[in-house]
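Peer 1: Sequences listed follow chains A and B, in order. Per numbering that gives the first Met the number 0, the first sequence starts with residue 0, numbered consecutively. Per numbering that gives the first Met the number 0, the second sequence starts with residue 0, numbered consecutively.
There may be inaccurate statements among the hints.
Identical copies go unnamed one by one, so any copy, or any two together, can satisfy a pair.
As the list claims (entries may be wrong) - Pairs of lysine-lysine, BS3-like flavour, derived with a Cα cap of 25 angstroms: (1) K332 to K201; (2) K201 to K315; (3) K35 to K446.
These are calculated hints, taken from the structure and not from any lab test. Please read these numbers as outputs of a predicted model, since none were measured by experiment.
Protein chains: 2
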Amino acid sequence: MNIAYERYKELLCRLADVQYSIAILNWDLETYMPPKGAESRAQQISTLSGIAHNLSTSEELGDLLFKLESDTSLDEIQQKNIYHSLKSYRLNKKYSQAFVEELSRAISEAFQAWQKAKETNNFSLYAPKLEKLVRLKREECTIIGFTGHPYDALLDQYEPGALTADLSILFADVRSQLVAFVKQIAAQPQNEDGFMFLHYDKQKQWDFGLELLTQMGYDFEAGRQDISSHPFTTNFGPKDVRVTTRIAEDNLNEMIWSCIHEGGHALYEQGLPYSEYGLPSGEYISLGIHESQSRLWENNVGRNLPYWKHNLARLKEFFPEPLKNVQPEAFFKAINKVRPSLIRTNADELTYHFHILIRFEIEKALIEGSIEVKDLPALWNSKYKEYLGLDVPSDSQGVLQDIHWSHGSFGYFPTYSLGSFYAAQFYNKAVQEIPTLELEIEKGNMKPLLNWLREHIHRHGKRYTAEELCQHICGEKLNFKYFMNYAQKKYGELYKLEKIVKKA
Amino acid sequence: MNIAYERYKELLCRLADVQYSIAILNWDLETYMPPKGAESRAQQISTLSGIAHNLSTSEELGDLLFKLESDTSLDEIQQKNIYHSLKSYRLNKKYSQAFVEELSRAISEAFQAWQKAKETNNFSLYAPKLEKLVRLKREECTIIGFTGHPYDALLDQYEPGALTADLSILFADVRSQLVAFVKQIAAQPQNEDGFMFLHYDKQKQWDFGLELLTQMGYDFEAGRQDISSHPFTTNFGPKDVRVTTRIAEDNLNEMIWSCIHEGGHALYEQGLPYSEYGLPSGEYISLGIHESQSRLWENNVGRNLPYWKHNLARLKEFFPEPLKNVQPEAFFKAINKVRPSLIRTNADELTYHFHILIRFEIEKALIEGSIEVKDLPALWNSKYKEYLGLDVPSDSQGVLQDIHWSHGSFGYFPTYSLGSFYAAQFYNKAVQEIPTLELEIEKGNMKPLLNWLREHIHRHGKRYTAEELCQHICGEKLNFKYFMNYAQKKYGELYKLEKIVKKA
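Hey, can you work out the whole structure from these sequences and the hints?
Peer 2: In structure tokens:
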């Protein structure tokens with residue numbers, strides 16, 4: 000037994016216990032907390048966060064990590080754990096107390112200003128706070144350090160190893176290929192989806208959603224679903240992984256896509272090895288890979304015909320009236336309408352990436368200092384015109400729509416697109432390796448897919464980087480062509496496009 | 000501004016943040032946690048408990064407290080805070096890491112053994128673990144220190160200032176007066192309560208319970224009710240005070256009494272001063288005083304006629320069928336049946352105290368070493384025969400019924416009786432001071448009572464000890480005669496007793 004390694008594991012479990020406790024406090028805050036509890040809760044979370052920070056930067060942990068870094072008796076997984084922990088440790092140590100507090104204050108102020116600005120459609124209320132926050136985030140890039148673009152430093156916190164240069168190439172492909180493709184679609188007659196907006200009883204939707212989660216393989220003994228205003232997945236270890244959903248009685252889409260999407264996230268967490276609790280080997284790789292799991296289930300599985308060939312019949316048992324004349328093919332069309340729209344979170348799976356593209360371009364420019372906060376509304380609006388062909392009627396529906404920047408989360412958005420692109424590539428591989436995959440889905444049997452994901456992705460924790468994982472599974476790194484192929488095949492048929500554009 | 004005092008406040012708020020976080024984790028564990036989450040949750044709670052212990056015994060806190068102890072510039076409330084904090088600090092410092100761990104292990108083992116022993120009705124499975132635990136609790140008495148009886152050391156943790164000698168006198172009164180009185184009642188014909196056990200729909204009971212809580216003045220913006228297998232109240236500061244209930248469709252009593260009882264606890268917590276978060280001045284006095292608040296609402300208010308003169312009509316709207324011929328007077332009789340029974344938690348408000356009396360006598364003897372664990376079943380059964388006139392058919396329904404000892408909670412039980420006795424004395428005073436109190440209750444107006452409790456009890460936090468509070472409110476210390484007077488008046492009428500015994 001390696002005493003130093005055992006002690007390192009103890010310290011990491013302790014840290015995870017505190018971090019998961021914070022997650023429990025946050026889960027409760029979003030689901031059940033009574034309104035007057037908010038102030039004390041913020042304080043409780045802040046105190047636990049401070050404790051977690053102290054644990055993550057303790058001298059004892061540092062000494063152990065430096066010692067274990069050169070311990071050649073460790074096996075591969077142990078060495079990777081030390082690598083990741085040391086990286087986190089060094090990163091955490093770079094932040095001075097003063098900087099953390101200043102950033103935390105700036106975020107708090109920016110968030111409050113953003114809420115007011117969005118409510119009153121007044122960007123100028125937000126601008127000075129956002130300016131300060133951008134200045135601090137740029138300072139943070141220097142604190143963290145970078146070799147290429149300063150934005151790399153921020154990206155790395157969400158998508159370790161991601162580089163601005165690579166993403167610029169990727170998003171150039173998105174722009175050139177997807178913009179053209181969506182224009183082709185826009186020229187076609189639109190599919191009918193009015194029946195999705197009839198009356199759908201809340202409780203019945205809830206029950207159907209639980210069935211979908213169960214069918215996916217979500218373990219309700221190790222998780223639960225609740226209602227929150229914004230759906231999310233959280234976990235307190237791999238044996239307590241919770242999802243939330245929201246239900247609109249006049250829009251069947253809300254519940255269905257949030258259930259499947261969060262279910263996909265949750266299956267990843269439930270599939271992480273419990274024996275590695277608190278260690279990097281028990282944690283997800285990156286936000287992009289996490290998102291690949293939600294998007295794969297949501298889009299590649301859930302917005303596909305085989306899924307509804309099986310599940311529509313059950314849905315019709317819940318809602319015989321509004322769906323009485325709807326066949327799986329019509330349902331498939333209705334859930335795959337492509338239409339440029341203003342709000343990212345309501346976008347279809349193709350135009351969604353224009354929203355991300357725009358945010359990526361803006362973030363990159365803000366962080367490198369080539370644009371200023373005051374330029375944002377005009378820039379935003381011109382990009383929405385250029386990529387989506389839309390006039391933005393107000394900043395509330397434009398540059399103020401997302402919470403992310405007010406939270407200081409620069410570098411987060413690109414992981415949404417990465418998730419979809421990884422999902423397409425992984426799903427393509429899964430279908431190749433399991434030729435009967437979609438036939439099984441058509442029978443309501445999701446096990447082959449889940450087993451494949453468990454085997455190739457979930458169980459590995461952070462053993463591979465995102466790039467290594469992709470290489471390991473697909474024999475090549477992330478390649479946008481799989482997403483374009485998927486899009487062209489699916490939407491080419493759905494919209495009867497005469498000529499399928501192939502550029503990738 | 001007193002810098003040392005401000006820093007002391009900061010440290011105590013920090014400690015409270017961690018302690019309330021533990022409470023949140025426990026609340027979730029009892030209400031919503033999926034079963035497989037139990038193992039990690041136990042670990043998370045244990046880690047936070049260790050952190051709380053470290054904070055509560057930190058050198059910085061100690062130095063501040065010793066300094067502030069002699070700071071004459073502090074006002075009365077500040078001085079009391081320092082007094083209480085120093086007492087806790089000194090107590091916490093007495094425990095060695097080794098003892099805490101040994102005790103914690105012994106409790107864990109005793110608890111598991113108790114569960115099995117109760118399930119299989121086999122006291123011998125539990126006996127050796129309980130023996131070890133009793134040995135450690137006796138050792139704990141020495142660690143804590145005591146001047147009179149060793150049991151004083153344990154009592155003080157639940158009911159600061161309570162002494163075995165005083166409780167012995169009190170419970171001697173209980174025995175002499177209440178045993179005789181209950182025998183008088185037992186000789187009378189029993190009241191009819193069959194309608195309480197018809198079918199009562201769960202959701203309707205739930206809705207009615209929420210109305211009762213609202214009527215009491217429970218603030219649902221600063222709390223919520225959920226379901227758990229054992230009803231409890233918990234809080235994460237005075238602005239997030241939660242209750243749980245349980246509902247049996249074949250027994251209307253379950254929900255009604257748990258709702259009102261927990262509501263009484265919760266009103267106390269919601270009435271503590273928010274500005275004193277984390278400080279003794281923001282905390283409840285003792286378990287006995289806490290219980291006085293639940294018992295006052297449950298028994299003195301809820302099991303009284305004026306309450307049902309108002310609320311029965313509403314209850315009948317929920318349940319017209321099973322209650323169709325029931326008048327308030329008949330309902331009042333049904334909810335006040337006195338009948339000796341085996342299980343403490345199902346006991347009526349009079350015979351309940353025999354259950355406590357028995358536990359008090361046994362605990363005292365165990366801790367002083369005059370009896371041994373192996374004597375427990377026979378002793379238990381003989382006391383149930385003596386005080387309640389019952390033969391105990393099995394240890395599962397006898398000495399194994401309560402969880403408390405397996406948790407190491409010796410000294411806890413007496414606070415249940417203290418709660419009822421304080422409640423009777425406080426309620427008597429409230430009626431004296433507000434002559435229209437019961438008329439208002441009969442109108443469904445609980446405000447005068449709640450205001451009185453807020454004014455005299457809730458807002459003071461730990462400003463007074465239990466004894467001082469009672470003196471302050473009633474002009475005398477705890478006096479059992481108020482409970483006996485209440486019992487004799489109420490049950491004398493209910494059971495048409497010819498001669499009301501007056502001994503107190």
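Peer 1: Now tell me, hint by hint, if it's right for this structure.
Peer 2: Going through the hints against the structure:
In this assembly of identical chains, the alpha carbons of K332 and K201 lie at most 25 angstroms apart only when taken from the same copy (24 angstroms versus 43 angstroms across copies). Taking the closest pair of Cα atoms, K201 and K315 come within 25 angstroms of each other only inside a single copy of the chain (15 angstroms); across copies the shortest separation is 30 angstroms, beyond that limit. With identical chains, the CA atoms of K35 and K446 are at most 25 angstroms apart between copies only, with a shortest distance of 21 angstroms across copies and 44 angstroms within one.
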